[in-house]
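Asks: Here is what each chain is made of, one letter per residue.
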Amino acid sequence: MHHSYLDKFARGNSLIHHLDDRVKLVVTFFAVILIASTPQPGKIFIGGMAAIVLFLSLFARIPLGYLLARSAIILPFSGFAAVTYAFTIPEGRVLLQIGSYVLTSHAVEMGAFLLLRSGLAVCFMIILINTCPFDRLLSALRSLKVPALFILLLAFFYRFLYLLWDEAERMQRARNLRYFGGRWKQQPALLGRLVTALFIRSYERSERVALAMQARGWDGESWPIKVSPLAHKDILYSLIGMTLLISLWMLRRF
Amino acid sequence: MDAPPLLNDTAILVSNLSCDYPDGTTALRDVDLSIRRGASLALIGPNGAGKSSLLLCLVGLLPVRGDVYIAGEKLTPANAARLRRKTALVFQDPDDQLFMPALEEDVAFGPINLGLPDDEVQCRVERALTQVNLLDKRHKPPHHLSYGEKRRAALATALAMQADILLLDEPTSNLDAATAQELTAYLSEFPGTLIVATHELRLAKDLCQQCALLAEGKIVVSGATEDILRNEALLQQYRLLPR
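These protein sequence lines map, in sequence, to chains B and U.
In this text, residue positions in the first sequence follow our numbering: the first is 1, and each later residue adds one.
In this text, residue positions in the second sequence follow our numbering: the first is 1, and each later residue adds one.
Hints should not be assumed to be uniformly reliable.
[Unchecked claim] Anything over 10 Å on all C-beta distances counts as not near chain U; from chain B, calculated: (1) 15; (2) 25; (3) 58; (4) 72; (5) 76; (6) 116; (7) 118; (8) 187; (9) 188; (10) 190; (11) 191; (12) 192; (13) 213; (14) 234; (15) 238; (16) 242.
[What the hints assert, rightly or not] Once the Cα atoms are required to be at most 25 Å apart in a straight line, the calculated DMTMM-like pairs of lysine to aspartate or glutamate come out as: (17) U:74 to U:30; (18) U:137 to U:120; (19) U:140 to B:7; (20) U:140 to B:167; (21) U:137 to U:149; (22) U:137 to B:204; (23) U:86 to B:169; (24) U:137 to B:7; (25) U:74 to B:166; (26) U:205 to U:189; (27) U:150 to B:167; (28) U:150 to B:169; (29) U:86 to B:219; (30) B:8 to U:149; (31) B:145 to U:118; (32) U:150 to B:166; (33) U:150 to B:7; (34) U:86 to U:126; (35) U:150 to U:189; (36) U:150 to B:109; (37) U:140 to B:169; (38) B:8 to U:189; (39) U:140 to B:166; (40) B:145 to U:119.
Simulated from the structure, these hints should not be mistaken for lab results.
Quick caveat: nothing in here was measured; it's all calculated off a predicted structure.
Glycine included, each C-beta is placed from N, C-alpha and C at the ideal position.
Full structure from sequences and hints, please.
Replies: Shown next as structure tokens:
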């Protein structure tokens, strides 16, 4: 995996990058919760949220193409959810009928909203991880009283995601080196064995990492995190952000 | 059984140590070893001899039969965590050692677990990263470092512990010649007790006065490094030199 696949712009130098990480975290989660809890948003809500995403992306110097490409990762999942959801809504003008399943104009609209909402939520998250390096994000979570064990799991996930991906790539490369086409029927079984081997390697590595942690005195307890006071600009950003988000939520029907 | 006599200047004393892997395979058999404070010992041996396992046993990370004394105190499961404060271990694979999202956090992990105040932790992080010439990369995630940098970073995590006893598992394997030489030069100035597991005879010669040859979990011979490395027949017998 390319090493800056997830957070290429995290060490940028914009005003948003320099804001307090806790403020960015809280405002982002607030935006995501508002988006998730508004099943039938109006045009103002969707347009307003999209405008905020656009503004943040430009202001933080995160290219729009990068943002859209990364957010497209969830399309297979949100697309599947949107299609299945659409077939459960019977209200509205019937556009398509397959057996007992009907697709109505209202269902299409709802499915589209679901796609847009999930896309916007993911865009907010991508902006967060591209304006806040992961280690600082974890410190922010810790200072917001998220349990240390959960933070440690997130830290491991981030650290070893790349490592496991690299390991999988190396195994794939080794397989390709001695695979000359044909015998395609055996490939699913081979893939299964590769995945099993990857799990075993991951398990063994986790044991070695646990030993390395114990060797440096880890006893399962949390460690202290420095909490610095918020600056004026941080308070101002959180006030503007929250006010804007609440205003959009109040106008969610229009 | 009576405890073996302990000398005041003994850093680590191992008596009748045996260790089995979970599948029942014997890793170490009846190992006896003594290392003076401030001395350096090379554990040499072919692949699979038990060198890495012995290092893990010495810091109480593997269950053992027999006795291990660190600075005169017998290592038990109850005091293993406390005695480990006197030791620092560098693993063979730096990807096992570096597990935090940023380099400086990884180096700070040990000092924080020692319960040191924030400013002392910061001081140790900066000193350790300066020593391995990685201070400018302190904010980088470990997966952004090259292999050689990861090896030096792993060493920094151990140096930040400021332990009396430093244990290193194959510290120069897979390093280019220049980096290996720099690392060896640096380690030769380490003021405490040094234990290096390696199958690179050059490293053993450059770094350690004492040497123990380990094969199939047993110490075959121990003594002055120069004497052991002079015995070519012995080294060939244990696959440390080509026949």
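Asks: Next pair to validate is residue 145 of chain B with residue 119 of chain U; report whether the Cα-Cα distance is within 25 Å.
Replies: Holds, at roughly 23 Å.
Asks: Going by Cβ atoms, does residue 118 of chain B stay more than 10 Å from chain U at every point?
Replies: Non-interface label stands for residue 118 of chain B: nearest chain U Cβ at 27 Å, farther than 10 Å.
Asks: Does the structure keep residue 140 of chain U and residue 166 of chain B at a Cα separation of 25 Å or less?
Replies: Given that 25 Å is the threshold and the Cα spacing comes to 18 Å, the pair holds.
Asks: Given the hinted pair residue 137 of chain U and residue 149 of chain U, is their alpha-carbon gap at most 25 Å?
Replies: Given that 25 Å is the threshold and the Cα spacing comes to 9 Å, the pair holds.
Asks: Report holds if the minimum CB distance from residue 238 of chain B to chain U is greater than 10 Å, and violated otherwise.
Replies: About 25 Å separates residue 238 of chain B from the closest Cβ of chain U, which puts it past 10 Å; holds.
Asks: Mind verifying the non-interface call on residue 242 of chain B? Its CB should be farther than 10 Å from each CB in chain U.
Replies: Non-interface label on residue 242 of chain B holds, nearest chain U Cβ at 28 Å vs cutoff 10 Å.
Asks: Verify the proposed pairing of residue 150 of chain U with residue 7 of chain B, using a straight-line Cα cut of 25 Å.
Replies: holds, 21 Å
Asks: So if I understand the rule, the pair passes when the alpha-carbon distance is 25 Å or less; does residue 150 of chain U with residue 189 of chain U pass?
Replies: The given pair, whose Cα atoms are some 21 Å apart, holds under the 25 Å limit.
Asks: Quick one: work out the minimum CB distance from residue 190 of chain B to chain U and report holds if it exceeds 10 Å, violated otherwise.
Replies: holds, 26 Å
Asks: Against chain U, does residue 25 of chain B hold up as non-interface, every C-beta pair farther apart than 10 Å?
Replies: Label holds. Min Cβ-Cβ 15 Å, cutoff 10 Å.
Asks: Compare the distance between the alpha carbons of residue 205 of chain U and residue 189 of chain U with 25 Å, and conclude whether the hinted pair is satisfied.
Replies: At roughly 15 Å apart (the allowed maximum being 25 Å), residue 189 of chain U and residue 205 of chain U satisfy the hint.
Asks: Does the no-contact call for residue 15 of chain B survive, Cβ to all of chain U over 10 Å?
Replies: holds, 20 Å
Figure legend: structure checked against the earlier numbered hints; hints not met, in rising order: 13, 22, 23, 25, 36 and 38.
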